[in-house]
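Engineer: These are the residues of each chain, in order.
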Amino acid sequence: MGKNTYKVRLKRGWSVVKSSLMVVRSAKALLLVPLMGFVITSVLLVSLFVFGLRIEITGTWDSFSIYPKYDLFSLLACFVYYYLAMIVFVFTEGVIAHNVIARFNGTSVTVLHSFKAAWAKKGQLAAFALVSSVVVYVIAFVFEKLPLVNKFFVWIAELSWAGASLFAIPIIMAHADKKVTPKQALKESSLTLKKLWQEGVSSQLSIRAFLFVAIVAIYALVSVIMRVVYILSGHTNGINAAVGVMSFVVVIACSIAVALLFNLLGLIARCALLYYKMTDKEPEQYDLSIMKAGMTVTKAKKLFS
Amino acid sequence: MATDMLTYEQTLLVGWEEVYRKSQLSLLMLLALKDGAKYTAEIKDFILATSRGLQTTDEQSLYRALRRYHKAGMVAYDEVVSKTGPNLKRYKLTELGMEVLSRFLQRNIIDIFYNQDIQDLIKKEQQHG
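Protein chains in written order, with my numbering: chain A, 3 to 307; chain B, 547 to 675.
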């Protein structure tokens, strides 16, 4: 069996997922970073409404799109929002990527240290965020609204951009002492995707499946609870309405948490694949490095108890 | 009264020994591997023989512990193909495991129990016993 047969690559993809879960278990503070990003981008979104912009929002539980009504002020304001939100997104991904790659190297690094490392690269991250915002804006608004352009080409454009930029932020953070322009990051990201697309697909599908099960479990649990309360309350509408509202809030909160966790795991998996490309070290060997990076006396006690 | 005291002493002794033996299990397992690469059953026999039958453990507990040590990089294994059932694992200490064990033995056994004063105290106990 050769090094890169189909089976080996699928197995490598699965090892990447296991390593990603291990990183999250050993560095729980990382969970706060995407949450912080979500809060900041939410505040930015609310501010759009505050300024009375005429916009519409469409999307699903894990992503949404904002389309401005067509006047110049709304268009510009929405672009500014996109850019600011993209900066927040890119910066938080940079923090996580720095921390995760250090752990694969066997080095224990705090989230604060990773913030400082991402701040040191703020110029490069902001430049990439600008390129990303422009591309996303053009695809979302211009292509969407052009009557001659088939939606299929919009989808192809979105997919191409998503693919090309998949590893860009980890690449910017992996080259600690080197300045990486958006063009260089995208070029290296495309080459990485070309080499490791099978591992990428298998790891992302595994993570999605894992989180899909979590979402279904949450919805099922909430449905059961609502049903039980409805029966126990003797079909009282007031109580049902209150429980219904609470359940809705719980489901939304859990969905957001799951979406953030999915994005975090997806990013860690991409960092793991990039690390594999850079070092040729198989993902199965990352576990010991991650364990070394996260070892404390308390954890060592559990080892020997 | 004398009978009651004996029972009380025995209870104290048994309680202390249980806690002491639980904490000894990791040491005996790693000593078994220091003695040479072993299968789980051989590790179990080594522990039983070294503790003169006082320290017993089930294979599931040994497997769990060995899995933890393997994840931590202290123990490695070679898989031996078995014709009759699942493949067997022959465990051995890694360099890291050897280093950690050596330093543990030096700091917690040799430096304490090979100390002349402590040895004299124990010898006194042997004479008293």
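Just so you know, the hints here were simulated from the structure itself, not pulled from any lab data. Glycine included, C-beta positions come from ideal geometry on N, C-alpha and C. Be aware that one or more of the hints could be misleading.
Below, simulated DSS-like cross-link-like pairs (lysine-lysine); rule was C-alpha separation at most 25 Å, straight line [as the list claims (entries may be wrong)]:
| id | chain 1 | residue 1 | chain 2 | residue 2 |
| --- | --- | --- | --- | --- |
| 1 | A | K304 | B | K669 |
| 2 | A | K304 | B | K670 |
| 3 | A | K283 | A | K9 |
| 4 | B | K638 | A | K301 |
| 5 | A | K30 | A | K118 |
Below, a sample of chain B positions facing chain A; criterion: calculated Cβ distance under 7 Å [to be verified]:
| id | residue |
| --- | --- |
| 6 | R614 |
| 7 | H616 |
| 8 | A618 |
| 9 | G619 |
Engineer: Taking each numbered hint in turn, which are not upheld by the structure, reported in ascending numerical order?
Structural biologist: Hints 1, 2, 7 not satisfied by this model.
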